[in-house]
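Which chain is which? The protein sequence lines are A and B, in order. Just so we're aligned, residue 1 is where the first sequence starts under the working numbering, counting upward by one. Just so we're aligned, residue 1 is where the second sequence starts under the working numbering, counting upward by one.
Don't take every hint at face value.
[To be verified] Computed beta-carbon distance windows for the label pairs:
| # | chain 1 | residue 1 | chain 2 | residue 2 | range |
| --- | --- | --- | --- | --- | --- |
| 1 | B | Lys37 | A | Asn162 | 52 to 58 Å |
| 2 | A | Glu83 | B | Asn12 | 26 to 32 Å |
| 3 | A | Lys107 | B | Lys37 | 45 to 51 Å |
| 4 | B | Pro105 | A | Lys107 | 26 to 32 Å |
No wet-lab data here; the hints were simulated from the structure. Fair warning: this is a prediction, and the values are worked out from it, not measured in the lab. Ideal Cβ placement from N, Cα and C applies to all residues, glycine included.
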Amino acid sequence: MQNRVQESLDSVIDLQSVIDEIPMGIVVLDRDRRVVFLNRSLQALTGFSHKEAVCVPCHQILRNRICLKSCPTLGMHTDSKSESCETDLINRDRIRVPVHIHLAPLKDKLGNMMGFLETIEDLRPIRELDAKISQAYVFAHLVGRSPQMEKIFQILPVIAQNDSSVLITGETGTGKDRVAEAIHHASGRSKGPFVKVNCGALPETLLESELFGHQKGAFTGAVENKPGRFRLAHNGTLYLTEIGDLPLALQVKLLTFLDDQVVYPLGSTRGFQANVRVIAATHRNLEQMVREGRFRADLLFRLNVVRIQIPPLRNRGDDIRLLLDRFLNELNSRFGKKISSFSKKALEILKSYPYPGNVRELQNIVEYAVNICQERQVLPQHLPSYLTESPAWTPETVPNTELASSGKSSNFEPLDPDGHEQTWAAAERRMIMDALVKAGGRRSRAAELMRWGRSTLWRKMKQYGISTK
Amino acid sequence: MAQKVLIPINGNDVAPRFDLATEVLIAVGGGVRAKIKEKIVVLSESSSEKLCQLILAEGIDTVICNGIEEEHYQYLTWKRVQVFDSVMGSWKSVLKRFYEGTLKPGEILYKDAD
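Just chain A, with the same shape it has in the complex (with noise of 0.2 Å):
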């Protein structure tokens, strides 16, 4: 059988030397699987000579992975199909390699089996530029391969391995959550919980008793023990997103188990030591609320160990059009639908627009765009309205992008020209200050100068942070 396969290799062309240079690894086995060919790439591939192999049972040369698990040649007769399949070999140089093999039967003009035919393609390249694609340009559900987002994806990594508290901000929609769960999936605690509180959501009293948990009997209508959040992620991580709106009571709170690692359940004097990371998550700019008095100086210390700072959208280039083409395949599956591209116009009108809800903004209107698109291509009048109505862009509808990049602020309320919040509440907390002061600090006086009643500026001061001592 050798012999037969060999002389259909010395036929009128020389096929051997044909073979030789494809460049990808080719074998050719008799009907017994020993080596009867080996070319010239598979010689490189597996470091033996084609003199060596011949003869030799192919699962010893080619010491596939599947050769001894399940050899596809076994129960291979002349009717059947080729196979390919992806496995791994080890070389002469001793060192394994990923390959795809594609294995068919060979026959002669008669159809009865000769032996088979193999070919190995090297899948290290693909593997190496596969590594260096999702390196560069994805971190778990993070996109972007804008120079910032290159330098998250690369820290994102280093930040996960310790337990150091951090501090994401960045304007709304631009992935704070995405960021933290990827912290927490790279890091040691992946196994652990990750436990999201929305420290904006919830009414003080109510937020104490959901992050420290409360005792039996600790009030009305606490009729169990209730662990609480941080003892709910002991083991894992504790994501506080929007912490800028956390009151100034639980603020100390925070502040004594970041310090000691102890939580104390309300109406409890007996603490639970939790091994809980803290990431914290904020579109507010804390350092002017510390000024404000608004956030504790002292916990924005802690909270800063680490500190991620995400770019708007758009300070970050072609990262639109990556999220464009990816938002698009996704919804492309997701709705059954075969939208190819963006026409040149659409695309135009995209690029050019701020995204001041950044991603997620960006998001809803290719999600608009596929759901109201029927044809193949997105063109401007699928796009939701007000992007094509609207004039051009101009800088004072933008949130002030030089502070949001630069780290200092991540607070995007509006500023009038002279730097002051436009606000209703930074108008009231002024309106506050100016009383007390025309009042000389006296809170009945400024109330009166307010017509409002004590209580009410009591509250209002309370809210705002404001003390007269």
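Given the structure of chain A, go ahead and fit chain B onto it with the hints provided.
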């Protein structure tokens, strides 16, 4: 001096890969011993690390195998175990050649048998 040899085997042959072997032959012979003592050990699972542990626990002098990864080759060599790798053929002929003192790493004995 008597030499203790371990060969990962697959049926009658030397196993193609050290890391995938589930059976090993342990032989003691040479020196003043006229007869070679052989025993076959069936492993619970294929694992390079466990095989390395067994080699050290059994006090093996020489390992004869076919494909082995550099990491394990270097580890065994560092532990003063002699390794003959890329050896192909039936384990009986390999063992015979070894105790005759004519076996070399990379030896392919199938052609001798043919």
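Structure-based check of all given hints:
1. B:Lys37 to A:Asn162: 52 to 58 Å: Holds: the Cβ-Cβ distance is about 55 Å, inside 52 to 58 Å.
2. A:Glu83 to B:Asn12: 26 to 32 Å: 27 Å, holds
3. A:Lys107 to B:Lys37: 45 to 51 Å: 49 Å, holds
4. B:Pro105 to A:Lys107: 26 to 32 Å: 39 Å, violated
Hint check: a violation occurs at hint 4 only; the rest are consistent with the structure.
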